[in-house]
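Novice: The residues making up each chain are set out below.
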Amino acid sequence: MVSMNMVQALNSAMDVMLGRNEDVLIFGEDVGYFGGVFRATDQLQRKYGVTRCFDTPIGEGGIVAVAIGMAAYGLRPVVEIQFADYIYPAFDQLVSEAARIRYRSAGDFTVPMTVRTPYGGGIFGGQTHSQSPEALFTHVTGLKTVVPSTPYDAKGLLISAIEDEDPVIFLEPKRIYNGPFDGYHDRPVQPWSKHPASQVPEGYYTVPLGKANVVREGGDVTVLAYGTMVHVAQAAARDAGIDAEVIDLRTLIPLDIETIVQSVEKTGRCVVVHEATLTSGFGAELTALVQEHCFYHLEAPVERVAGWDTPYPHAFEWQYFPGPKRIGEAMRRVMEG
Amino acid sequence: MKNRKALSLRIPEPVSRPGDKPDFSKIAVPEAGTVRKPPIDTRANEAMDLANGLIRVLNRKGEAVGAWDPKLDPETLRRGLKTMILTRAYDDRMFRAQRQGKTSFYMKCTGEEAIAIAQAFALERDDMCFPSYRQQGLLIARGYPLVQMMNQVYSNAADPLKGRQLPIMYSSKAHGFFTISGNLGTQFPQAVGWAMASAYKGDDRIAATWIGDGTTAEGDFHQALNFASVYRAPVILNVVNNQWAISSYQGFAGGEEATFAARGLGYGIPGLRVDGNDFLAVFAVTQWAAERARSNLGPTLIELYTYRVEGHSTSDDPSRYRPSEEAKAWPLGDPVIRLKDHLIHLGEWSEERHEAAEKEAMDEVRAANTEASAIGTLGSGKAPSAREMFEGVYKDMPWHLRRQRQQSGV
Chain A
1 MVSMNMVQAL NSAMDVMLGR NEDVLIFGED VGYFGGVFRA TDQLQRKYGV TRCFDTPIGE
61 GGIVAVAIGM AAYGLRPVVE IQFADYIYPA FDQLVSEAAR IRYRSAGDFT VPMTVRTPYG
121 GGIFGGQTHS QSPEALFTHV TGLKTVVPST PYDAKGLLIS AIEDEDPVIF LEPKRIYNGP
181 FDGYHDRPVQ PWSKHPASQV PEGYYTVPLG KANVVREGGD VTVLAYGTMV HVAQAAARDA
241 GIDAEVIDLR TLIPLDIETI VQSVEKTGRC VVVHEATLTS GFGAELTALV QEHCFYHLEA
301 PVERVAGWDT PYPHAFEWQY FPGPKRIGEA MRRVMEG
Chain B
1 MKNRKALSLR IPEPVSRPGD KPDFSKIAVP EAGTVRKPPI DTRANEAMDL ANGLIRVLNR
61 KGEAVGAWDP KLDPETLRRG LKTMILTRAY DDRMFRAQRQ GKTSFYMKCT GEEAIAIAQA
121 FALERDDMCF PSYRQQGLLI ARGYPLVQMM NQVYSNAADP LKGRQLPIMY SSKAHGFFTI
181 SGNLGTQFPQ AVGWAMASAY KGDDRIAATW IGDGTTAEGD FHQALNFASV YRAPVILNVV
241 NNQWAISSYQ GFAGGEEATF AARGLGYGIP GLRVDGNDFL AVFAVTQWAA ERARSNLGPT
301 LIELYTYRVE GHSTSDDPSR YRPSEEAKAW PLGDPVIRLK DHLIHLGEWS EERHEAAEKE
361 AMDEVRAANT EASAIGTLGS GKAPSAREMF EGVYKDMPWH LRRQRQQSGV
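Protein sequence lines, in the order shown, are assigned to chains A and B.
Per the numbering used here, numbering of the first sequence is gapless, rising by one per residue and ending at 337.
Per the numbering used here, numbering of the second sequence is gapless, rising by one per residue and ending at 410.
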């Protein structure tokens, strides 16, 4: 075990996979010689050569299309889209192609491709470096959508994604690349080294797709979260003094419904948290599922805490961000309900 | 500012519309054999003339002339001709099947048969093709069974795509034929990725891909050229300029401002413009581009200059937007007749043999259609199991799809 931050853990996952399988290639804007703007591919080109990890033109549609073609050949491309906000030029290739090729060719061609992309705000990135577009991908059947919340999970989930036979959108919460940000922007952030999940095996291991993780056990209310918000929700529970059970979903599609249902049946209450905008967000899906599966166990309406339905505003980042205060208030309302 | 005329917006307009006399007088048709054949390591900026000219081998007398004559043996030429005849017979039968209500949709490649078929002949059997929807000739040339194609068009119980895909959107990895997409142009950069993978693996297979003149306006076309150029991918990028994108003539893709072959030059990719109705010329340029790709010299852009004789699809009525006699006036003739005339000129074919070949093709199509129809056609006979609807979305079915399948009762 070695202490790693999330970027190092992601780097380690790619390092391990490049070493294990020569069909794994890594490419994207600035990922080769430079090692990526967030350093996730640092040193990989030097270690494995320019044909294993290389730079691309600034053309996200081309990056994803080329990866699809490579995957159809039999390779396992891992591409980086520099910010999730930049992924839209590739949307047609993801929605109409990557997600559909297995189905439309009746398994004749498949797309074992991983698209890594940093998402989320809290970094003063303004509206073009802060978005959380996960619901755009969870709505596309044929894609899997994964969001890690710790270095340990990031590495294990990324290895699972690379080994998966279907296309995976791997959303990296960039606000917690360096430490488990708890939502208090005015307090110093703890480094990952103080968090137990920063202890990461150096070699190969996997965290399976489709398995959630109960990160905080509790009896009063279930909080469903993923990515950065897992840490914010834990802080909110602590500070509100509520015995909340916080579930880190880890994979949105396929979703671990069993863990969710088990918890909500126990607590009878549920708060859904995400940083993405509220309307038609993944929280709507979670809320509907909880209602469908747990209606007779619910003591109160399910609450959603999410980003406001505005673009991510540069100067009002902390009014926008669904921080521990808003989550705590939602938990209290649910407790009173 | 005062001395200038006010700005005016230009909207392109084709020369002829319904009721007009077809007019192709603006199209320059150089004599066959007049375009030079450069070495395969030619750079784009040394090949401007090829992007703006028109490579032709078959002249009006049915002779093969000039440096681009691939000098194919008569047996190969006869196979090429018979494959074109078979493709046309297949198209006619399937078009009729749609009109008879046996399927929802069909698309013919009439007038464009030389493109897919001569190109399939020029490629190696295991080179990977990323076609658009009008290259059914590739499959037929590579020996994919007609009855399988029909099963797909009819979405019957033997449909290899299990009723999931629109008719004619074939897929066969075993025949080097990538699954066709209805979202146009997506295959172009995918082919570049496949070619890059082949190069990375030290393979000797190359990729070829096809796009229409209209779809060159999509971003994917330009991304493909850019990536192919940057990574010197072993890929042949084909633009089938058949003049029409449903009802929009090629002027709306910018075809009046520059040739589609010339699009390659800005990316450093040689562009060859070829008479798409000339089997020999199409074969020769494809062979040149394939040799170039296989020699690690990178991509070639080929503009195949042709005419879409029929409607875009069974859902289209071209008499609403172009003169109905336009196809007959097309100055580059019909690819089947031109190869036939060439073979007759060589003394290797005759009217009688041609008629017999047409009958043979119709018999083959009829027999395949009898077999496919006996299994089922859309909405009648044996259909794929509706359970197939839920299969293959993912490799392993997730719980939510299993649940939905249970709810659907299939």
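No lab work stands behind these hints, which were simulated from the structure alone.
The beta-carbon is built from N, C-alpha and C at its ideal position, and this holds for glycine as well.
Treat the hints with care, as some may be off.
Stated by the list, open to error - A few chain B residues facing chain A, derived, Cβ under 10 Å:
(1) Phe130
(2) Phe178
(3) Asn183
(4) Ala329
What the hints assert, rightly or not - In silico BS3-like links for lysine-lysine, alpha-carbon gap of 30 Å or less:
(5) B:Lys21 - B:Lys37
(6) B:Lys82 - B:Lys173
(7) B:Lys395 - B:Lys201
(8) B:Lys201 - B:Lys173
(9) B:Lys201 - A:Lys47
(10) A:Lys211 - B:Lys395
Novice: Of all the hints numbered above, which does this structure not satisfy? Sort the numbers upward.
Specialist: Violated: hints 4, 5.
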